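Sequences are here, hints too, so could you generate the full structure?
Chains as they are written, first to last, in the numbering used here: chain A, 1 to 501; chain B, 1 to 120.
What the hints contain is simulated information worked out from the structure, not anything from laboratory work. Hints may be right or wrong, so weigh each one.
[Unchecked claim] Cut-off 30 Å, straight-line C-alpha distance, at most; resulting in silico cross-link-like pairs (DSS-like, lysine-lysine):
1. B:LYS114 x B:LYS35
2. A:LYS103 x A:LYS158
3. A:LYS387 x A:LYS165
4. A:LYS103 x B:LYS41
5. B:LYS114 x A:LYS165
6. A:LYS103 x A:LYS41
7. B:LYS114 x A:LYS41
8. A:LYS158 x B:LYS114
9. A:LYS38 x A:LYS103
10. A:LYS103 x A:LYS165
11. A:LYS41 x A:LYS387
12. B:LYS40 x A:LYS158
13. A:LYS38 x B:LYS114
14. A:LYS165 x B:LYS59
15. A:LYS38 x B:LYS59
16. A:LYS38 x A:LYS158
17. A:LYS41 x A:LYS158
[Claimed, not checked] Chain B side only, calculated, beta carbon under 8 Å to chain A, not exhaustive:
18. LEU104
19. TYR110
20. ARG113
21. ASP115
Only a predicted model underlies this, so the values are computations on that prediction, with no experimental measurement involved. Cβ coordinates follow ideal geometry from the N, Cα and C atoms, glycine included.
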Amino acid sequence: MLFQAPTLADLNLAYTWPVVSLALGATLLLLADLFVPKDRKEITAWLAIAGLVVSFVLNLGVYSVTDVAFFGMFRADTFSAFLNMVALLAAFIGILISVDYLKRTGLERGEFYALILFTTSGIMLMGHANDLVVVFVALELLSIPLYILSALRYPDPKSEESGMKYLVLGAFASAFFVFGSALIYGATGTTGLPAIFDALQSGAVAANGSETLLLIGTALVLVGLGFKVAAVPFHMWTPDVYEGAPTPVTAFMSVGAKVGGFAALLRILLVALPALTINGGEAAAWQTTVALIAAATLILGNFVAIVQTNIKRLLAYSSIAHAGYIMMAVAAAGATGRGDQAAQAALVYLMAYMFTNLGAFAIAVAIERDDGTGTEVDRFVGLGRSKPVLAAIMAVFMLSLTGIPLTAGFMGKWLVFQATIESGLVWLAVLGVLTSVVSAYYYVGIIVRMYLQDGEGDPAAGATSYVHWAVYVTFAGTLLLGIFPFLVTNLAGPVALALAR
Amino acid sequence: MNVLNEWAFIGVFFAIAWIFPALPIVASWFVRPHKPNALKKQTYESGVETVGDTWVQFKVQYYIYGLVFLVFDVEMIFLFPWAVAYERLDWFAFGAGFLFIFLLTDALIYAWRKDALEWI
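Following this line, the structure appears as structure tokens:
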């Protein structure tokens, strides 16, 4: 018989519930929204939040288990549970930012929330994927709703351009990823990540002389996921897409796509390919490449952000720069025996970046006009007087993105730099510190505009109660992580991705 | 070798799928008379004479109909073998089939409520 139908016991469904419940919830939400009247879409938003809460609780229930489901294609461990938490919080804050924004800009469609839930389940599946095929399915589940969401303001040419660019380049990136997976399959005879590791370790790959094939495959996978996390030189789409998409979508996209991309990148590189070396070298073969990508990303992201005059473009380049810092952690993971520590640093950084970046975007949403204009950085002039609380919190977000102590951003950078130095990539850590200094220029520029320049009027028209709540939640997260980092490092602590080598 | 044997089925299937339509087309070359004229050499378009350029704008509803058609079309491919093997299914396959039907119904109700089935 060619194919034996699986039984329920084989599937081990219990550990997949956080993802499955969210995907099912999104499907039901799509149905439920059909019966929600047009002027009361807040109901849909609250139903979506209920779906997130259910998934969050289920995720806490399986937080500390380590097991596989679906014949080893799906893996539940601390790594995925932590990333699930980050993804669900990001979706929650993203929905809070969106509710009033969609209403006042006339974009209110019930599908918005269902699409957010679908993307979130894709992000979560990226962290769970233990097989290249599942990574691909998760990648599409993550990307396709985002293509639709970026074109949400669709008669507007900028939003259409954003959706189209993202679709074409995203499809391109997926093609790279699939081709890379095919080559890895060709070299090792399997798509399962632990099985690829075994094939490398047992010398089966070297025995049939397909090491070059595996190297090319790894490089293509790196290109495909590099597109998703917006690492230089695969970052070209980022500023245009981020600028054209509706601001809450940009906010969610800048966090969600990165969380998913780095989740898959870390799992593929650390579970499947840590033993991939050239000529018996000490570190993994991909380490130098990833380190160079990180360096290029840091330099370009931070320097180009200086000249931006639009807050969305500025945050787009800043998100490229932050991808560079997380890439540093990925590079650090390439050194022998350093994988788990570097993965933990990347996780904490992602959590810190999620809170801070979503908070900064929430304030960008608040100053935006109803027709989607008014996102120039000069609109922050005088915010310190008209909205002192919002301005003060925005200042904290900017300091956190720079990496000033007592904020989340500092803890993230501290752990990443520490991991990088301990892996022997001192030059990269030095570069990271120097580019952080450069980034202070444009982040502090916003603070200067808010407090030290004279302006009139009240620009923060969109600061409704939902946006305020989003700002408070992210502010609390930023400070908690900065002052009590052990709360999060303990959660992300027992990460055990790297197989012994 | 085991893997090769399994994939050989697809090879055989591919060969048969290719020969099956190719054989009558090739055979008809040998048996049919050959008397072309201008009318016969026109492009076949459902028996109707083609009018004008093909690069025209179509009503967008054709696209929506295409999508809805897909719901039912793909349904057949998966549900037919499921229904044929129904007696030998275990609980997992039974549930999976119903999950699939649920997702299809979901799509259909969505299209229905969004007035995609009305021809305007």
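For each hint, the structure was consulted:
Between the alpha carbons of B:LYS114 and B:LYS35 the distance comes to roughly 53 Å, so the proposed pair goes past 30 Å and is violated. Restraint check for A:LYS103 and A:LYS158: satisfied, since their Cα atoms lie roughly 20 Å apart, inside the 30 Å limit. Distance check on the hinted pair: A:LYS387 and A:LYS165 sit about 36 Å apart at the alpha-carbon level, beyond 30 Å; violated. The straight-line distance between the Cα atoms of A:LYS103 and B:LYS41 is roughly 58 Å, outside the 30 Å bound, and the hint therefore fails.
A hinted pair counts as satisfied when its Cα atoms are at most 30 Å apart, and B:LYS114 with A:LYS165 qualifies at roughly 27 Å. A distance of roughly 9 Å separates the Cα atoms of A:LYS103 and A:LYS41; the hinted pair therefore holds under the 30 Å criterion. Note on B:LYS114 and A:LYS41: the hinted pairing holds, with a Cα-Cα distance of about 16 Å set against a maximum of 30 Å. Restraint check for A:LYS158 and B:LYS114: satisfied, since their Cα atoms lie roughly 26 Å apart, inside the 30 Å limit.
Simply put, A:LYS38 and A:LYS103 have alpha-carbon atoms about 11 Å apart, close enough for the 30 Å limit, and the pair holds. Using a Cα cut-off of 30 Å, the hinted pair A:LYS103 and A:LYS165 holds, with the two alpha carbons roughly 26 Å apart. In summary, the hint linking A:LYS41 to A:LYS387 is supported, as the alpha carbons are separated by about 28 Å, within the 30 Å threshold. Under the criterion of a C-alpha separation no larger than 30 Å, the hint pairing B:LYS40 with A:LYS158 is inconsistent with the structure, at around 50 Å.
A distance of roughly 12 Å separates the Cα atoms of A:LYS38 and B:LYS114; the hinted pair therefore holds under the 30 Å criterion. Under the criterion of a C-alpha separation no larger than 30 Å, the hint pairing A:LYS165 with B:LYS59 is consistent with the structure, at around 25 Å. As the CA atoms of A:LYS38 and B:LYS59 are separated by approximately 27 Å, the hinted pair is consistent with the 30 Å bound. Distance check on the hinted pair: A:LYS38 and A:LYS158 sit about 26 Å apart at the alpha-carbon level, within 30 Å; holds.
For the hint pairing A:LYS41 with A:LYS158, the CA-to-CA distance comes to about 25 Å; that is within 30 Å, so the pair holds. This hint is violated: B:LEU104 has a C-beta 11 Å from the nearest C-beta of chain A, more than the 8 Å allowed. Proximity of B:TYR110 to chain A holds as hinted, the smallest CB-CB distance being about 6 Å (cut-off 8 Å). Against a cut-off of 8 Å between C-beta atoms, the interface hint on B:ARG113 holds, since the closest Cβ of chain A lies about 4 Å away.
With a cut of 8 Å, the hint placing B:ASP115 at the interface with chain A is violated, because the nearest CB-to-CB distance is about 11 Å.
The structure fails to meet hints 1, 3, 4, 12, 18 and 21 from the earlier list, while all remaining hints are met.
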